[in-house]
Amino acid sequence: MDLAIHTEKLARVYKLRGNKKEAAKELVALRDINLDVRRGELFGLLGPNGAGKTTLIKILTTLLAPSSGVARVAGYDVASEPEKVRPRINMVSGGESSGYGLLTVRENLWMFAQFYGIPSKLANERIKQLLDIVRMSDRMNTKSSDLSTGLRQKMNIVRGFLTDPEVLFLDEPTLGLDVEASLDVRNFVRGWMEANPDRTLLLTTHYMVEADELCDRVAIINGGQVLACDTPANLKRQLQSDVIYRMEVSPLNDLQPEALEALGGVRKVSHEAQDGAAVLELILAEDDALGSVVNMLTGKDIHILNLQKREPSLEDVFVNLVGHSMKEAESDANG
Amino acid sequence: MQATQGIGKPAKERGVSGRTFRAAAWLGWQIESNWADPLIFFIYSVIKPLSGAAILVVMYSVITNGAFDDPMFAYIYLGNAFYIYVAAVLTGVSWTVIDDREIYRMLKYIYIAPVHVPVYLLGRGFAKFAFGSLAVFITIAAGVYFLNVPLDLSLVNWPLFAVSLTLGIVMLAMMGLVLGSVMLLIVNNANFMGEAVAGALYLFSGAVFPLSILPGWLQPVGYIIPISYWLELLRRSVIGQVAESFPTFSQFSDIQLLAILAGLTALFTVLGFVVFRYCDHQAREKGYLDRYSNF
Ligand SMILES: Nc1ncnc2c1ncn2[C@@H]1O[C@H](COP(=O)(O)OP(=O)(O)OP(=O)(O)O)[C@@H](O)[C@H]1O
Ligand SMILES: [Mg+2]
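Order-wise, the sequence lines are chains Y and X. Position 164, counted from 1, in the first sequence is what this note's numbering calls 208; the numbers after and before it change by one each time, with no gaps. Position 135, counted from 1, in the second sequence is what this note's numbering calls 205; the numbers after and before it change by one each time, with no gaps.
You can trust all of the hints, since none of them are fake.
List time: in silico SDA-like cross-link candidates among lysine to any residue, alpha-carbon distance up to 20 Å: (1) Y/59 with X/351; (2) X/356 with Y/71; (3) X/356 with Y/112; (4) Y/187 with X/100; (5) X/356 with Y/57; (6) Y/187 with X/174; (7) Y/59 with X/257; (8) Y/59 with X/255; (9) X/356 with Y/67; (10) X/356 with Y/61; (11) X/356 with Y/75; (12) Y/128 with X/87; (13) Y/165 with X/92; (14) Y/128 with X/189; (15) Y/187 with X/99; (16) Y/187 with X/111; (17) X/356 with Y/123; (18) X/356 with Y/94; (19) Y/69 with X/357; (20) Y/128 with X/186; (21) Y/128 with X/350; (22) Y/59 with X/356; (23) X/356 with Y/109; (24) Y/69 with X/361; (25) X/356 with Y/70; (26) X/356 with Y/124; (27) X/356 with Y/98; (28) Y/187 with X/169; (29) Y/59 with X/256; (30) Y/187 with X/175; (31) Y/165 with X/88; (32) Y/165 with X/85; (33) X/356 with Y/68; (34) Y/128 with X/347.
Here are some chain X residues pointing at chain Y (derived, C-beta under 7 Å): (35) 93; (36) 175; (37) 176; (38) 182; (39) 184; (40) 355.
Rather than coming from a laboratory, the hints here were simulated on the basis of the structure. Note that the structure is a prediction, hence the values are computed from the model and not measured. We treat Cβ as the ideally placed atom computed from N, Cα and C, and that holds for glycine.
Chain Y extracted, bound-state conformation (with noise of 0.2 Å):
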């Protein structure tokens, strides 16, 4: 098979220095991460801040070294073979603001354009072409630092696809774009991988729908692990039988959610207190076991103010796997 990426047992410790008072520790960031991506594939990595997502990717970049393990890109070792994997790929991560701000927009690109032994006569045509598609044509002779952030990302993201990499790998690359602009970075990545089908894309997001939507394949991480990697349909077929609802009630009080799964038929019960509202997500069993859950908060005087029931996406896929929603999990990895 022709893998575009490979990792056998990838895994990767950072080593904290402690302070003076504190010993130094270890954090596993990666733990034996087994993952194929065909060529071809636009394939989507889906977890929590902290899952391991942007480690994964600079191991997969050659900007940092794995710990234990192999991880090969375009059928090179990215240990011992750098020089052989860089020529083939890009990356851009989003959400941060880089460029040589003295640079035009233009002599921006184009100088990464030279890095990569792209003609001038060629990278001014794509330049001008990749500007057009995210509509900053009218922006190619700004100087980058008096680009708002949004627009230096897109420029940015420019970068990434100018240099027609094998592989490209865009570390959440819609991070801090307002509605429009992630919609057309979403169109653009698609436009461009039907454009070529031998192109491989490796993207990473904690945007659930971004995953489904773009995706062919999604690998959902955690703490490190791969949990599970299916195409988006096959993961939420997965859920099929299960019923899920979306229930907005009263303030849950002294309610544990965790005493809401321990009832007959509930499987997984994610909980997201809003002010003067909380909204529960239930993946049942069954249809039945609404009932003695609807019981048991009517039973603590919580009122129901709305009920919806609804088809199973990625995020219920999340909890079912992980056993809290994604947002729990950030909250967690944070404090």
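Could you slot chain X with the ligands onto chain Y? The hints should help.
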């Protein structure tokens, strides 16, 4: 892996160094010449080196009671002028690591591109060399014109000058590569380190006073610093009799000094690439290539 139609061919592996150097030098030039205001540009490139020299001249004048005819003056003046190259090239090359990583935050994108990173750093230093040359020229011209530094163009040993200058610039660039490589591994206080190195070299390389003035136990420091030999060669080639007035290096003939300089340049060239290899490996091991320190 078979070649696939339609995919942009991977960048050619031949000619990598050439295109890396050209693009890096272009970027360096854009950064150096990025003065929206010609007046500021003028001040920066002319007044700055001159004011540096002026401080030295005033101090000299006070201490020696205005003995500008003493060969000591020309010695100091030339040493200081050529030292501009040290700041420009050595810190210019090494600084690129800090600039790109922490200010522009582009180091990681340069790194994953099919470039030779050491050549990239040297290319960025090249613009500094060009602008440094302008400053050196202006400083020396001002010295000759206003302060009677006894420079006679017909007495200059041009071949010696050209060879020494070239070797020295290569050596400085390679010392910059060593320093820049080390900076890959220093996430905090890297900027402090650069200044400390340049400052220490200024004192002990015979730039502003002959090594023979240093107490005996400190003199070996000067003889270890490769820049000392280079400055001596430049002085000898430009104003022969001045250098002869100070016995610091008088035991060495021109050819011997040149051989020492060539040897040191070769040494630093090897060292530059070896140290880079090691630090590059370590930086990827530790994940430092996209770490930002908190200024
Ligand atoms: N340079 C580093 N030194 C020490 N620990 C690190 C370093 N970089 C990342 N980590 C830790 O490794 C874990 C994984 O981080 P990583 O950045 O890969 O997560 P992520 O999935 O990209 O998260 P996010 O969605 O927030 O970008 C986190 O616990 C993080 O704190
Ligand atoms: Mg990340």
